[in-house]
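Same order as they appear, the protein sequences are chains A and B. Numbered as in the working numbering, the first sequence ends at 344 without a single skipped number. Numbered as in the working numbering, the second sequence ends at 337 without a single skipped number.
Think of the hints as simulated: they come from the structure by calculation, not from any bench. None of these values were measured; they are calculated from a predicted model. Among these hints, one or two may not hold up.
Unchecked claim - Here are the simulated DSSO-like pairs of lysine-lysine, each with C-alpha atoms no more than 30 Å apart in a straight line: (1) A:Lys95 with A:Lys133; (2) A:Lys133 with A:Lys122; (3) A:Lys329 with B:Lys14; (4) A:Lys287 with B:Lys182; (5) A:Lys260 with A:Lys326; (6) A:Lys122 with A:Lys260; (7) A:Lys260 with B:Lys175; (8) A:Lys326 with B:Lys14.
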Amino acid sequence: MEQYKEPAINRPLREFVNSNYPGMLFESSLSTEEDELEPQEIIRLAELAGIVDERDGEPLYRKLQKAAQQQVRVVVADAIDDEPYVSSQINPMLKCAPQAAGGLRLAMKATGAGKVYFAVYKNITDLVHRIPKTLEGVTVKRIRGRYPAEFRTTDDFAKEAPLALIGVCALIHLYRAVKEHRIQSSCFVTVAGNCVANPMNLEASVGMTVDQLLERCGLADDPGRIIIGGPMTGVACQDPSATVVGPATRAVLAFKEDVKERRYQCIGCGKCVDCCPENLTPFYINKYIERGRMEMLDFYEIDRCIGCGTCSYVCPAKLDVAANIKAAKAARQKNSTGGLPDAG
Amino acid sequence: MQAKELKAPHIRLKDSARSTMLDVLIALLPLYFMATYFYGARALALGGVSLLSAVAADVICVFLSGRRPNPRDFSALVTGLLIPLMLPASVPYYVPVTAAVFAIAVVKHPFGGVGQNIFNPAAGGFAFVSVCWPSLVFSYPQPMFSLPITGELPARLAESPAHALMLGAVPTIDKLDLMLGKFAGPMGVTNILVLATCFLYLLFRRAINWQAPAAFLGMTAAIAYLFPRIPVSRSESVAFELLSGTLVFAGIFLLSDPVTSPKRGLSRFVYGALAGAATMLLRYYGGFEQTAAFALLLVNSFTLLLDHELERLFRIVRRAVLGFRAYRRNQRIIKKV
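Isolated chain A, as found in the complex:
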């Protein structure tokens, strides 16, 4: 999959903030020095700063608590960004490397882990600058393989399990929370797409509207499709002037696209089956959903779908395979009490 991360990935990280941004601090008597803090105090600071992990939208303090309970051996800073266009984890990691590494060390202390790593995606081919082997003394590990790479991270570190995966942006915010007692009032967002004149990564205030971000970077054309999140799993934005970015927003993408209806029909090529990372059979799952034979979905193990969207991406008939499967899965989970847990 073409990654299209240039030029945003190598451009400087710009701030785009409200006027009250510098004053967003919280009151705490805790020290700002790393060495003087107890693990519990770091977690307390993460809670006070209200940091949310951009990987999954979970509060950081809860993740740290869970990791400390599980006695993790490694903390991995997730800068994988395996979706095309999106570079809102790897760009802050490179541009704010001291803060990211400092946050990672704080997370290591808070969870009692012995080792830390940065994890980046290996298949980024369109880079101008090389990604360094180590960053501020922390080893940078590369996650290999084709697109859905993020869900495989646990397997890549299986030798050192159990591990905690924490997003890089959350770690940067953790560092600021400890050093400056700053509340998380901003988020790192990639603004890109073939309509955006000036693709770049922004540190935007939480609560900025999608329109404001797009105006900041300039639109070269009228976008037909504005997406919140990555192009593979993101959600189409219906009203960009009323949608705001939040701590878990990783990208705002604007695309101009050909809307001509082509009426392709499934030719049964089986490319969706070949590319499924969970080794499922999207072809038959989609067929049975279309025919309404929901009882067959159990046999084809629809619950193991991780929703990566690769089946739709490769489909030569441009069918909405992934969207159909997602909808059917959601309908099933509403009806039943629970299925198999997701793999990964």
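Once you have looked at the hints, place chain B on chain A.
Okay, now just chain B, sitting in the frame of chain A:
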């Protein structure tokens, strides 16, 4: 607000159903070039007639089923161009026309049209005309002798080497001529080098899968090697069986047809091997000299069954992989505690 719901993923690969079919059409062009080189303009005329009748039948069938014809659907063109290549260049024009109309109107559209048919239309059309007019379909003109588009055809038609094989005789052809397809045979499928080039092109463009043709050719070669039916060395038997007719062509263009072949890599292997075994069994014990199309129709009916039964295997594999991952994770936690 947008009228259409926009669903993820929002980017798509450029390849489309149209470009896939276009790749097959491009791969067929060199075969038509060879046919014209061997048999003159009549080869092109046969292709054109078959193409037109296939497209006409397709448009009529689409209208009859109450839909609008799709100008981006090239599948009828592919069917129309595939059929004449398996026929002799001397065949009367009504034979490819019948084959193309039968393929579209009987084999393809009653099952629901594009992507829904169970049996390969081109194989069905060819099988139909070879049952109807075996004497026309299985007697071939000599190559390098240009045939006129209309008018009197030379009366001297010959049997193909496949016919000699069926009678248990050793065909008297030079090895090089066998490779280059310079013998009395189907008009466009005998030059193995051109066929191999087309195969590589299709594989490279990912228009077809490699598993089914590989298993098919492997299986037929293995059977020809183990049980030669003519008194020659085993490797010569393989060469004669594979190169004397439509076998390689059927393996590359008909067997790998996306619509009618199974979807799993492993089931494509089994499917190809089954087709190979059926082809050779029909050759050894059947009544016709070109049997790949019949064998293909036979195994087409197993496609859904193969995929469904092998899915059981994959369920077990997935469970084992997931179980292994969980087991490894637990081991680590146990060690740690």
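Hint check:
Distance check on the hinted pair: Lys95 (chain A) and Lys133 (chain A) sit about 15 Å apart at the alpha-carbon level, within 30 Å; holds. In summary, the hint linking Lys133 (chain A) to Lys122 (chain A) is supported, as the alpha carbons are separated by about 12 Å, within the 30 Å threshold. At most 30 Å may separate the alpha-carbon atoms for a hinted pair to count; Lys329 (chain A) and Lys14 (chain B) meet this at roughly 28 Å. For a cut-off of 30 Å, the pair hint linking Lys287 (chain A) to Lys182 (chain B) is broken: about 46 Å separates their Cα positions.
Between Lys260 (chain A) and Lys326 (chain A), the direct Cα distance comes to roughly 25 Å. Compliance with the 30 Å bound is thereby established for this hinted pair. Proximity of Lys122 (chain A) to Lys260 (chain A) is assessed by CA-CA distance (about 35 Å); at most 30 Å being required, the pair is judged violated. For a cut-off of 30 Å, the pair hint linking Lys260 (chain A) to Lys175 (chain B) is broken: about 53 Å separates their Cα positions. Taking the CA atoms of Lys326 (chain A) and Lys14 (chain B), the gap is about 23 Å. The hint holds against a cut of 30 Å.
When the structure is compared with the earlier hints, violations turn up for hints 4, 6 and 7 and for no others.
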